[in-house]
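J.: Below, each chain spelled out in residue letters.
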Amino acid sequence: MNNVLSVKNLTKNYGNFVAVDHISFSVAKGEIVGLLGPNGAGKTTTIQMLLDITIPDSGEIKYFGKEFHTHREEILGRINFASAFNTLQGRNSTWENLMVFAKLYNVKNPKKKILDLLEQFEISDSINMRYWDMSAGQKTRVNIIKSLLNDPEIILFDEPTASLDPDIAEKTISYIESLRKSGDISLLYTSHDMNEVTRLCDRVIFINHGKIVAEDSPLNLTKKIGTAKLVLRFDGDKNTVEEYIKKEKKEYEFLNNYTVSISSEEKDIPSLIFGVSKQEIWITDIEVKKPTLEDFFLSIARTNI
Amino acid sequence: MKLYRILGVILQEYYLTLHSLEIFIDIFFYPMMTLIVFGFISVYVAGSNLVVAHNVLLGMFFWQVISVAQYSVAMLTLWNIWSRNLSNLFVTPLTVEEFLTASTLSAIIKSGIVFASATVISLLVFNFNIFIIGIDTILAVFVNLVLFAFSIAIFILALLFRFGPRIQALAWGLIALFQPLSATFFPVQILPTAIQPFAYMLPSTYAFEAARYGLAHHTIDMRSILMSFGLNIVYLLLSWWFFKIMFKKSRKSGQFARNEG
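Listed in order, the protein sequences are those of chains A and B. So the first sequence is residues 1 to 305, counted in the numbering used here. So the second sequence is residues 1 to 261, counted in the numbering used here.
The set of hints was computed from the structure by calculation and includes no laboratory data. The model shown is predicted, which means the values in this text are computed figures rather than measured ones. Where a beta carbon is used, it is the ideal one built from N, C-alpha and C, also for glycine. A couple of the hints might just be wrong.
In the DSS-like style, the derived pairs of lysine-lysine whose C-alpha atoms are separated by at most 27 angstroms in a straight line are [as the list claims (entries may be wrong)]: (1) 252/B <-> 66/A; (2) 244/B <-> 211/A; (3) 8/A <-> 249/B; (4) 244/B <-> 66/A; (5) 289/A <-> 267/A; (6) 2/B <-> 113/A; (7) 289/A <-> 181/A; (8) 111/A <-> 249/B; (9) 2/B <-> 247/A; (10) 267/A <-> 224/A; (11) 62/A <-> 249/B; (12) 278/A <-> 248/B; (13) 224/A <-> 246/A; (14) 249/B <-> 223/A; (15) 289/A <-> 229/A; (16) 2/B <-> 108/A; (17) 2/B <-> 211/A; (18) 248/B <-> 112/A; (19) 267/A <-> 223/A; (20) 248/B <-> 66/A; (21) 211/A <-> 252/B; (22) 248/B <-> 8/A; (23) 66/A <-> 2/B; (24) 62/A <-> 2/B; (25) 8/A <-> 252/B; (26) 248/B <-> 62/A; (27) 112/A <-> 62/A.
A few chain A residues that face chain B, going by a derived Cβ cut-off under 7 angstroms, partial list only [as the list claims (entries may be wrong)]: (28) 51; (29) 53; (30) 55; (31) 58; (32) 61; (33) 78; (34) 90; (35) 92; (36) 100; (37) 107; (38) 153.
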């Protein structure tokens, strides 16, 4: 696969604090890679270095096989960035803000490009609205349109749905999904929303304390958790159920006198259900909660690697 | 440097100026009102001393050039910091050289408009014709004062990038230090003897001397103009060198990204 972005041994220290610690990864053409980690893990610092607004202490950043530092202008013309934390000029309208960036990227026929994108993102009616008068959802869409003006080959998204209402976040994700369908664009995506990441990303890189602690597809990462949760509601003696679970050496928690949550490997779940019912316990409801990326995220955050 | 990127930044400032009452007040209304007040003072003083009256008005005339040019350059960066848009600009292929070039070109246009407006007002209201000092003197003084304004602005921007908006007051406050030091309204000899050597270290001092010389003799004071220009080159080089160091430190320390909060 052709790598659009490759990073080797990237390091950044702020005094004694190690923000990014010798991380290496790559993003292939057309690939969506999630960059995840708890607050302060080093995600944003990594993104800032990948955009040349923060200078790394050491390491190598290459886009399209070219060294970023020595090909800055060319590379920045082929990539783009959108974040919930950066906004456009509040006093200027959508049209004015986008025209400025179209100029900076030397977009050919900028009027058509902007009008097409506004239509695609269903925001044509906000063309003359001042940026600071827009809703969060409208602003997010304008930010994404800004990031598409130069037909980038890779976009760096830094928590694009942060602080959005769930329905607007859902729409934003749909827009980002539509980007993927539209071509060979690559995305490097940071978010705290594991559902978003599971839905969008081909591969996930977990960072903690500046280091990459895991890297795989969302599905494979959830498999690493191993245990699922079996929630049983029953009509019968609580002590009988507890004795049986103890005998099976499973971790458990009674949510009330008639509901128990048992941690177990997925393959053992049928025999557990069967085993409980054999204790003359009437099972009234069964719920199996499979491990999610969030469980993996929490396990990493809690292990404090 | 790419012209289209410079024009992109100028376009942004054009839109901002259209929509911002603050910019209109700070760059056009306030300088005009100051000039009008000084115009009346000069009319009042003219009864007893016409030379002093004209020197005061001339000084305020040209002071607006420095003030507007410096303010304009420094404020464009601040407007982008306040809007959390500075990073967006610098993740495009825009270079800091292009950004500063756009800021300075825009500042020259604004200073020119203010100067032209002041010329008309002073002629119509106060019967003072700036052209009596000579077009060559006007141009030479204007260029030197704009260059000095750029040095100050670049110095302020260097601090702004390095230390963030906590020092933003310098963008509109620091310039006041140079008004008395440059002997804007009076000959340098009026300043205390201990201060005079510092005054002579500033290019603006020579530019104001040249303006007053033009008013008195209707000819250009080449010595002062050249001294001003020479010092301007030194100041510009120093401020640019300082800016490059501070800009790099800002990106190294992460302050550049933190500027937007």
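J.: Please go over all the hints and tell whether each is borne out by the structure.
T.: Going through the hints against the structure:
no., hint, result
1, 252/B <-> 66/A, "holds, 22 angstroms"
2, 244/B <-> 211/A, "violated, 31 angstroms"
3, 8/A <-> 249/B, "holds, 23 angstroms"
4, 244/B <-> 66/A, "holds, 25 angstroms"
5, 289/A <-> 267/A, "holds, 13 angstroms"
6, 2/B <-> 113/A, "holds, 21 angstroms"
7, 289/A <-> 181/A, "violated, 31 angstroms"
8, 111/A <-> 249/B, "violated, 38 angstroms"
9, 2/B <-> 247/A, "violated, 75 angstroms"
10, 267/A <-> 224/A, "holds, 14 angstroms"
11, 62/A <-> 249/B, "holds, 23 angstroms"
12, 278/A <-> 248/B, "violated, 72 angstroms"
13, 224/A <-> 246/A, "holds, 24 angstroms"
14, 249/B <-> 223/A, "violated, 44 angstroms"
15, 289/A <-> 229/A, "holds, 5 angstroms"
16, 2/B <-> 108/A, "holds, 15 angstroms"
17, 2/B <-> 211/A, "violated, 39 angstroms"
18, 248/B <-> 112/A, "violated, 38 angstroms"
19, 267/A <-> 223/A, "holds, 12 angstroms"
20, 248/B <-> 66/A, "holds, 22 angstroms"
21, 211/A <-> 252/B, "holds, 20 angstroms"
22, 248/B <-> 8/A, "holds, 22 angstroms"
23, 66/A <-> 2/B, "holds, 21 angstroms"
24, 62/A <-> 2/B, "holds, 24 angstroms"
25, 8/A <-> 252/B, "holds, 19 angstroms"
26, 248/B <-> 62/A, "holds, 20 angstroms"
27, 112/A <-> 62/A, "violated, 32 angstroms"
28, 51, "holds, 5 angstroms"
29, 53, "holds, 5 angstroms"
30, 55, "holds, 5 angstroms"
31, 58, "violated, 12 angstroms"
32, 61, "violated, 14 angstroms"
33, 78, "violated, 9 angstroms"
34, 90, "holds, 5 angstroms"
35, 92, "holds, 5 angstroms"
36, 100, "holds, 4 angstroms"
37, 107, "violated, 10 angstroms"
38, 153, "violated, 14 angstroms"
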